[in-house]
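Enquirer: In order, the protein sequence lines correspond to chains A and B. 5 is the number of the first residue of the first sequence in this note's numbering; add one for each residue after it. 5 is the number of the first residue of the second sequence in this note's numbering; add one for each residue after it.
Chain copies aren't distinguished; within one or between two, either way the pair holds.
Distance condition first, Cα-Cα at most 25 Å in a straight line; then the derived DMTMM-like pairs of lysine to aspartate or glutamate:
(1) 42 with 172
(2) 411 with 313
(3) 316 with 422
(4) 150 with 113
(5) 413 with 87
(6) 42 with 133
(7) 42 with 140
(8) 42 with 87
(9) 102 with 82
(10) 316 with 281
(11) 102 with 235
Think of the hints as simulated: they come from the structure by calculation, not from any bench.
Number of protein chains: 2
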Amino acid sequence: MKLFDASVYAARRANLMAALGKGVALFPGSVEQAFNYKSNTYPFRQDSSFLYYFGFSQPGLSGIIDADSGKSILVGNDADIEDVVWMGPQPAMRDRIKQIGADEFIPAESLHGYMHGKSIHYLPPYHADRIFYLAELLNKSTEEIKSGHSMELVRAVIKQRSHKAPEEIDQMEQALYITAAIHTQIRKSVAPGKYEAQIRGIAEGVAFANQARLAYQAICTIQGQTLHNNDYHRLLKEGDMLLCDIGAENIMGYAGDITRSYPVSPTFSSMQAEIYDLVLKAEMKSIEAVKAGVRYLDIHLGAARIIAEGLKQIGLMKGDVDEAVAAGAHALFFPHGLGHMIGLDVHDLENLGENYVGYDDTVQRSQQFGTAYLRMARALEPGFVITVEPGIYFIPELIDMWQDEGKFKDFICYDKLDPYRNFTGIRIEDNVLVTTDGPVILGPPIPKMRSDIER
Amino acid sequence: MKLFDASVYAARRANLMAALGKGVALFPGSVEQAFNYKSNTYPFRQDSSFLYYFGFSQPGLSGIIDADSGKSILVGNDADIEDVVWMGPQPAMRDRIKQIGADEFIPAESLHGYMHGKSIHYLPPYHADRIFYLAELLNKSTEEIKSGHSMELVRAVIKQRSHKAPEEIDQMEQALYITAAIHTQIRKSVAPGKYEAQIRGIAEGVAFANQARLAYQAICTIQGQTLHNNDYHRLLKEGDMLLCDIGAENIMGYAGDITRSYPVSPTFSSMQAEIYDLVLKAEMKSIEAVKAGVRYLDIHLGAARIIAEGLKQIGLMKGDVDEAVAAGAHALFFPHGLGHMIGLDVHDLENLGENYVGYDDTVQRSQQFGTAYLRMARALEPGFVITVEPGIYFIPELIDMWQDEGKFKDFICYDKLDPYRNFTGIRIEDNVLVTTDGPVILGPPIPKMRSDIER
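Construct all of the structure, not just a fragment, from the sequences and the given hints.
Expert: What follows is the structure, given as structure tokens:
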């Protein structure tokens, strides 16, 4: 448990109060989530907006930012002796409010009364239990709660949390130092004859040892063409590619999100080397293009063109590259978006609505397979932190389907793809701070040149 | 992903059908649980009763055991191309039903229609999302669903799952082999100057490397007097005791639950050694007493008497031991129950109602602090697997409270407790199969004699 200075939270709440002007913003903290029965819970994760405005990473708290009265209120109860026996001594509520510069605290039982007759703003709940909680608190049906979140609050919180302050960048750097330590140990451990699970276990071990944990379910697989592969039972063999998409969440809740792809053999095969260098080129060129004012959609499409151009040189695509990308033919090999915002959430603010975070009036979401998955498309602003993560994959089921449909046969050399059917996939990813001067790659360098990762 | 033979699941479902006689038992499989937003999920855990009757550990499935028609039906959909791209190829529903010996499969959309007009039994939901799911499926209000579970089904499932079959004992042995590997590596790693988190990270690493994970949030703390301590930020110092309550869940979902307490210094202090040996005596004597037909409440009270007698010899308790235990004075030092049933859940079947699992018409739950926490009290039956886990703790807040109240001052030597205020706690735990001949400690021996754990 670690907190910023009380003044940080006070300033954040004052900013939100000013943005709202009136009404009461209610931030229900998260509660423990059941694993296989009520009292056997997953490790607790506090709601990110609650963390942002009220700091505490304990279950059973809620927060009020009351723009009508100008007050910030922490909601929760002091521990009783049973809590002390089972959970240990806890700070008193009167001390907690000092730690975060809040004005008052009220017990949980008083919240219902406090809410009465006020105009309440809340964010879209993503835990079903918070729907029941809000329904009871606000005397509404669960259906009303599901659709009753405040778009005004959504927009104000997105605007505020999207721009990372210096103290947040510090935390993200820390998360990336831990993430780098994980990738370093993994890089040194890759070898034929080990199981994915053995490599995978390193991540949690290193994270815990640094008072951290993983920010999302690690991907550590020799079947990287399955984009969200969370199986770890496969044996590493000579010639395989191991794709590792692993990031730590540091003690204050900030996420890192780094992907590296390693050859299981000491060196890449020539076929792997060619594709690897192309992914790396797309990644590094995309990072170079990151700058305030540039639309991320354009950087995404730039990466798609680099990939299509490279695949054309290798002989797997053909025709006009611009036309191929405009049509979406590249998405057979690069079927996902270039990246997303990152912060307290690995896909930052995603529960508030992906389209409000990554799109605006000037950029509409594409309907095209591949680009439709792009989470961030709008013009970048200073203080945004984004991931840059192009990849090239050979997905046998998708190749077969498109070939059967005769899809993009003027752009894709289906007859050349047979040797690649078992290639799997390669992705390379870094986390980048947007400034008016250009990109800043956060965290320590994590080797990605072929010569640095071959053994 | 691993399954028993199809015949195992078919026989289990046939047994349940016979127990119910009529009506339809519905087992909603679990779905992914959100970590900090909807699509960033915790590692998936299938519901244990679904696992028991339908085997598959994937989200999005449900199961029907229809005692009216005599049929078992798996509910779910085949993967589409988007699922394949993101999650990889999945077995077809027609193949899944063969793997578990079910009769039919129906798509998720058809379940609502299938339920119509039938007498539906379901177990108490512990995930809020399953309350919404059942409400929609059965055209009931969420309030009706919360109170509408079937006691007939609860009793039948408890009766069946409480008795572990030989193939389940095999799995529990495997979980304990992995658990033993964790404790072995931890025992070798304990040293002053390390953080709890560094020791804690070993557990997840070893579990993953064995295709397993942790069955519950590990306790790995030098503040063992806090019974459910899930903090890991403390530095190990000479003279500390490290309490490690850590168990693996193997690939088929069976849990181990083992506690060992290690001195951070190479050897125990004489004060630690005295208390350690007393806890170990209580544990080993309690295990010896485990036998079909014996009430576990009596074994719990036997452990309490051993502890009280030992503390009397050390000079921390006084008066008549039987009277002290009857009054509950021992609970200052041993404030929890001796153990619980274990199986697919670490507290097996707890979501079905602790009192139905561990109590019956002949044993009522105690209201007394300490013994009130006992989860298993009834007469043991062959095939039960239980934990045996006595402990002795010095909880400063509880000591102060009881002393201020003058509580049990005829049994407790408050004036002798000062040197023990920072002692923290010691617990020792094994998992034991009940037979008519006596106890069988499951898994490999995990060192617990003082001479075997001192360095």
